[in-house]
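Protein chains in written order, with the working numbering: chain A, 1 to 217; chain B, 1 to 296; chain C, 1 to 545; chain D, 1 to 104.
Calculated from the structure, these hints are not laboratory results.
Heads up, a few of these hints could be off.
To be verified - What the simulated footprint calls covered on chain A by chain C, stretch by stretch (three residues with Cβ under 8 Å from a Cβ of chain C suffice, anywhere in the stretch; the number is not a length):
| no. | segment |
| --- | --- |
| 1 | 16-25 |
| 2 | 29-36 |
| 3 | 41-55 |
| 4 | 144-157 |
Said to hold, decoys possible - Simulated DEER-style distance windows between Cβ atoms:
| no. | chain 1 | residue 1 | chain 2 | residue 2 | range |
| --- | --- | --- | --- | --- | --- |
| 5 | D | 25 | A | 66 | 53 to 59 Å |
| 6 | D | 28 | B | 35 | 39 to 45 Å |
| 7 | C | 186 | A | 97 | 37 to 43 Å |
| 8 | A | 66 | B | 65 | 51 to 57 Å |
| 9 | B | 257 | A | 66 | 37 to 43 Å |
| 10 | C | 509 | A | 8 | 45 to 51 Å |
If you're wondering where the values come from, they're calculated on a predicted model, not measured in any experiment.
For glycine and all other residues, C-beta sits at the position ideal for the given N, C-alpha and C.
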Amino acid sequence: MAELHADARLVREPFTDVAHQRAAVSLGMWVFIAQEVLFFGVLFVWYGLFRAQHPDVVAAGGRALDVPLATVMTVTLLVSSFTMVLAVRSAMLGARRGLAGWLAATGLLAVAFLAMKAWEYHHHIAAGEVPVVDLHAASSVVEAGRAQFFGLYFVMTGFHALHVVGGVLVIAWRALAAARGRELPRWTAIMGLGLYWHLVDVVWLFVFPALYLAGHA
Amino acid sequence: MVVGLATLGVFATMGYFVWRYRYRPGVNETGRDVPGSTRLEVGWTIATTVVFGGIFALGAAGFAERQHVPAGRDVEDVLVVGKQWMWKFQHGGGRREIAVLHVPVGRVVRLSLTSEDVIHSFYVPAFRVKQDALPGRTTTLWFEATTPGTYPFACAEYCGGEHSRMVGQIVAMPAEAYDAWLEHREPGEMPLAAAGREVFARHDCATCHDTHANKPAPPLEGLVGRRRVFEDGAALVADEAYLRESVLEPSARVVAGYAVAGRSPMPSYAGVLTNEELFELLYYLRTLKDATGVSR
Amino acid sequence: MNTTARTPSGAHRFWGTLRAWLTTKDHKKIAVLYLLTITLFFVIGGVIATIMRIELAGPGEDVVSAEAYNRLFSLHGVIMVWFFLIPAVPTVLGNYLIPLMIGAPDLAFPRLNLASWYVFVAGGALTLVAMVTGGVDTGWTFYTPYSSTFSQSHVVLTVCGIFLAGVSSIFTGLNFIVTIHKLRAPGLTWFRLPLFVWTHYATSIILVLATPVLGMTLLLVLIEHAVGIGIFDPAYGGDPLLFQHFFWFYSHPAVYVMILPGMGVVSEVICCFSRRRIFGYRFIAWATLAIAVFGFLVWGHHMFVSGQSYLASLVFSVLSYLVAVPSAIKVFNWLATLYGGAIRLDTPMLYVLGFIGLFTVGGVTGVVLATLAVDVHLHDTYFVVAHFHTIMVGGMVMAYLAGLHFWWPKMTGRRYDERLGRLGAVLVFVGFLLTFLPQFILGYQGLPRRVATYDERFHLLQVMSSAGASVLALGYLVPAVALVKSLFGKAEPAGRNPWGATGLEWQTTSPPPAENFLAQPVVTGDAYDYPNAPAPVAARGGAHG
Amino acid sequence: MSARDERREDGGRALEPPSVVTSLVVLAALLALTLATVALAYVDLGTVGHVVVGLAIAGAKAGLVMGFFMHLGHEGRLPRLFAGFGFTWLAFLVLFVVIDVVTR
């Protein structure tokens with residue numbers, strides 16, 4: 001087993017040693033994650049009520065979404081979570097170049113996810129699949145329902161995508177810092193970033209079946 | 001009242017302790033060392049819970065009474081529509097009014113409340129009743145005036161600019177006088193059942209809902225109060241809420257034998273009927289209770 | 001406090017000092033930054049309240065139009081709730097005292113602490129911009145569809161401001177939770193903690209678990225306002241009651257965010273000035289957690305007449321009584337703490353006695369409102385206004401002032417004029433009663449809240465309430481004068497422990513050094529060991545008795 | 001429950017760098033579950049069946065990510081407690097909203 005990087009310079013006030021700092025950062029991140037669960041939870045409550053009341057609308061909406069593309073997006077995020085684990089591992093072992101490399105890989109996968117998302121948005125907007133501003137202008141109940149479904153779709157995937165964007169920015173910043181390499185980043189911070197990134201993954205794991213897989217069979 | 005006594009009790013105890021155990025140099029310089037008493041804690045926890053439980057029961061009983069119109073009473077139905085910033089009323093007998101609501105003394109008045117825009121709340125302090133009027137939904141409220149007179153009402157849910165002027169008066173009058181008042185209809189005011197029948201005719205409902213031929217929809221005579229069995233085996237006794245759902249969301253519950261490909265063949269009338277039309281239609285359907293063959 | 005230099009070469013030093021303050025990671029300085037910010041918002045909210053009370057002294061649109069009045073009460077609510085009541089005790093007193101009380105050099109994440117202040121200021125600035133450019137007229141509750149579709153005012157800007165204030169709250173709560181778990185001094189077990197720390201722990205849990213729901217809900221209102229997505233407005237196929245569920249899932253627990261830290265202050269002060277251990281320490285600690293948890297399960301009691309289902313109303317009503325039980329337990333324990341004490345009526349103690357009295361009034365009127373049949377009549381009337389002002393102003397603000405006076409010597413190293421302090425406490429209490437007792441009666445008589453104009457029959461009581469409000473406003477000026485005056489001239493030095501209090505914060509110097517303690521303190525005994533505490537040092541100008 | 005313990009408390013293995021082999025196995029499991037959930041979406045299970053299956057598989061995947069990638073399995077009691085709080089409080093929200101909507 002390789003040695004844990006436990007240099008005293010990694011420890012920041014007011015902590016006493018690396019284990020202490022790690023435990024605090026981990027707890028802090030999990031408190032943050034609990035908070036995010038409720039933040040996204042609101043959207044899933046909305047989704048659940050909407051689907052319970054209008055199962056047909058959700059099914060029809062789900063059929064308008066691109067399942068193969070979304071499957072690729074899911075795989076992309078899962079693999080990026082794996083590369084993030086390796087980035088955290090490199091940081092814990094004090095392997096600076098490994099850290100920079102795996103962070104870069106994670107960031108690129110995230111950008112690929114965002115590119116697919118952008119393509120998907122573009123496609124739906126071009127097809128007129130947008131939340132309609134005025135329902136009374138909708139010519140039929142079906143059209144009105146579809147507008148509502150796409151309201152749900154854009155809001156749920158949009159808030160997720162915003163979280164991805166935030167993650168990409170921090171990952172890029174950390175990757176650059178590691179590549180320049182004047183000072184090794186604190187691995188407790190990389191661990192925190194990793195927790196955040198996996199959380200973004202977890203949210204998508206629920207968004208994916210909720211929206212994309214609702215319309216088939 | 002219990003709560004008033006509780007407040008006085010706390011104030012008195014606090015005042016007494018503060019005076020009795022005030023700091024007096026040479027007499028009372030440090031506090032007694034009493035860390036606590038589990039028996040006391042458990043005691044006052046149970047006592048508080050019991051008292052609160054009693055208050056809850058009283059409140060819930062009073063609330064339950066307001067949920068349903070007492071059985072066997074004559075009911076005057078009134079549709080109440082809130083809009084920024086006025087209250088509009090439509091009586092079962094057809095008369096319409098704004099900002100003033102005439103009601104008979106000694107009869108139960110049931111209000112069906114809805115809103116054209118934002119949430120309002122119909123509040124009559126003298127009758128101790130209040131109910132929000134929501135857009136896109138109908139809520140109900142009943143009261144009974146026992147003494148003739150005028151009683152102010154107001155909007156209790158903040159609804160924008162002129163919210164504070166969204167007020168008016170209930171005029172409670174003897175039942176005979178009310179009946180006479182109800183007969184003075186303006187041109188264009190029509191009893192609700194008749195108005196509802198017009199809605200029924202205008203949307204060609206009878207094309208499908210017909211008693212005599214083998215039509216694709218269940219007949220409507222005597223529907224209210226009758227047990228309905230649905231495609232999925234569930235059943236309920238048809239009431240106003242069920243009628244409303246059937247008009248707005250026909251596929252939500254389809255009566256056994258009438259489904260086509262698992263859905264109702266009837267289109268949804270949500271967004272097609274206005275709130276008033278829906279109220280009139282449902283009022284009319286309720287009058288079909290004992291009728292036969294009227295829906296043609 | 002702030003050492004603003006005035007010497008000729010001082011311009012340079014002034015900017016240096018300012019920069020040091022604005023980049024500080026010291027929790028004590030951040031607490032002072034919060035104190036200044038929050039005081040500013042309290043003054044703004046207070047001025048708005050004053051204009052409202054002047055308008056309400058007459059039944060018509062006498063001073064301002066109905067439109068303007070709607071904006072005034074909305075801004076009063078928004079500013080007071082999110083920029084004063086919720087942050088005040090945690091971010092000022094909690095920020096300053098929690099590390100001191102647990103024997104830590106700082107909070108767990110000092111940078112996050114500073115960031116939370118900046119986010120708070122940004123949120124406040126957005127809200128003030130919204131206010132200056134025309135305000136918002138939705139009420140602080142933002143009920144849909146009025147807020148999401150109909151209101152023409154600055155909903156978007158205000159919502160963004162509140163969202164940022166929420167982010168700041170979450171940062172603070174997270175920081176407190178990790179700090180209390182991870183940075184307690186050796187020997188400081190959970191049941192040796194001062195109750196002030198317990199209440200802040202419970203508060204932080206609420207902040208972290210409730211605020212994200214508000215954040216997302218307000219963002220959804222914003223999105224619906226912008227494009228109409230059909231979540232809350234029935235015209236777009238949404239459900240306005242869903243908004244109310246989400247909103248009160250946050251906003252009811254938020255009430256406990258306001259009051260729990262105040263209860264922490266009360267527990268500290270009442271022991272110190274009774275010279276006694278707290279009565280039933282563990283029961284108060286568990287009651288604190290019980291309030292925090294049950295507080296999440298009662299939100300629907302704001303919706304008894306909203307069209308919520310009958311069953312839901314029954315369930316929420318039952319649970320509302322359950323949350324009232326631990327609150328009652330706390331009051332009983334405080335009273336029992338007075339029993340057998342040696343009670344000194346210094347300024348903090350006067351505020352605390354006022355708190356207990358008014359909290360009781362607020363609590364029992366809350367029980368009245370939780371009673372289903374009665375709430376139907378009283379809901380959305382002045383009775384509700386008076387009820388929550390009794391909890392918020394009579395409770396939380398009194399506790400905040402008690403805490404500020406109690407720890408002022410610690411924070412500044414100076415003592416304030418005791419006579420002025422006591423005068424302030426009495427004026428605030430009397431002014432409060434004069435303002436809000438008439439409002440209870442108004443509500444019972446059926447006056448709805450949020451009305452710019454009202455029927456002539458309510459006139460007399462409204463005038464009485466406005467008159468009381470002027471006493472209350474005067475009352476707030478007195479402690480401000482007393483505290484600010486102590487900073488200038490030859491105020492009496494406080495010494496380490498002027499009140500003869502227990503607790504780690506009193507063992508270090510006043511004000512404490514940057515690292516709080518020169519040596520890591522070790523705790524060996526329970527909190528509130530007043531039988532063995534040093535004697536209080538009497539201030540000049542105020543004899544005990 | 002002394003203060004000393006709680007400062008550094010973890011499950012004992014939290015200071016070990018994550019294992020590459022374990023992580024690869026977890027990734028493989030996640031990808032397999034992804035394919036399974038997509039495939040099952042095209043099998044007729046009825047709406048309720050789809051919701052149950054979709055939720056169960058998503059929950060299993062989330063469990064894998066949290067347990068291994070987010071090393072919740074290696075943590076002490078506190079991070080688990082707070083992870084639990086998030087979901088429990090969400091359940092409170094769902095429960096009471098459903099009570100209202102279903103019986104309205």
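Subject >> Given coverage of the segment 16-25 of chain A by chain C, checked by CB-CB distance under 8 Å (3 or more) >> reply: With 3 residues closer than 8 Å to chain C, the segment 16-25 of chain A meets the three-residue bar; holds.
Original post:
At a Cβ distance under 8 Å, does chain C reach at least three residues of the segment 41-55 of chain A?
Top reply: n = 6 at 8 Å, threshold three: holds.
Original post:
With a cut-off of 8 Å between beta carbons, are at least three residues of the segment 144-157 of chain A near chain C?
Top reply: holds (count 8)
**OP:** For the range 51 to 57 Å, tell me whether the beta carbons of residue 66 (chain A) and residue 65 (chain B) fit it or not.
**Re:** holds, 56 Å
Subject >> Outcome for the supplied range 37 to 43 Å, where the beta carbon pair is residue 186 (chain C) and residue 97 (chain A) >> reply: The hint (37 to 43 Å, Cβ to Cβ) holds, given that residue 186 (chain C) and residue 97 (chain A) are roughly 41 Å apart.
**OP:** Evaluate the given range 53 to 59 Å for the C-beta pair formed by residue 25 (chain D) and residue 66 (chain A).
**Re:** Check failed, 30 Å falls outside 53 to 59 Å.
Subject >> chain C over the segment 29-36 of chain A, status - at least 3 residues with CB closer than 8 Å >> reply: Answer holds; 5 residues pass the 8 Å Cβ test.
Subject >> Cβ separation of residue 28 (chain D) and residue 35 (chain B), checked against the hinted range 39 to 45 Å >> reply: violated, 59 Å
Subject >> residue 257 (chain B) paired with residue 66 (chain A), Cβ distance criterion 37 to 43 Å >> reply: Given about 40 Å between the Cβ atoms, the range holds.
Original post:
Would you say the C-beta atoms of residue 509 (chain C) and residue 8 (chain A) sit inside 45 to 51 Å of each other?
Top reply: Hint violated: Cβ distance 29 Å, outside 45 to 51 Å.
Checked against the numbered hints listed earlier, the structure breaks hints 5, 6, 10; every other hint is satisfied.
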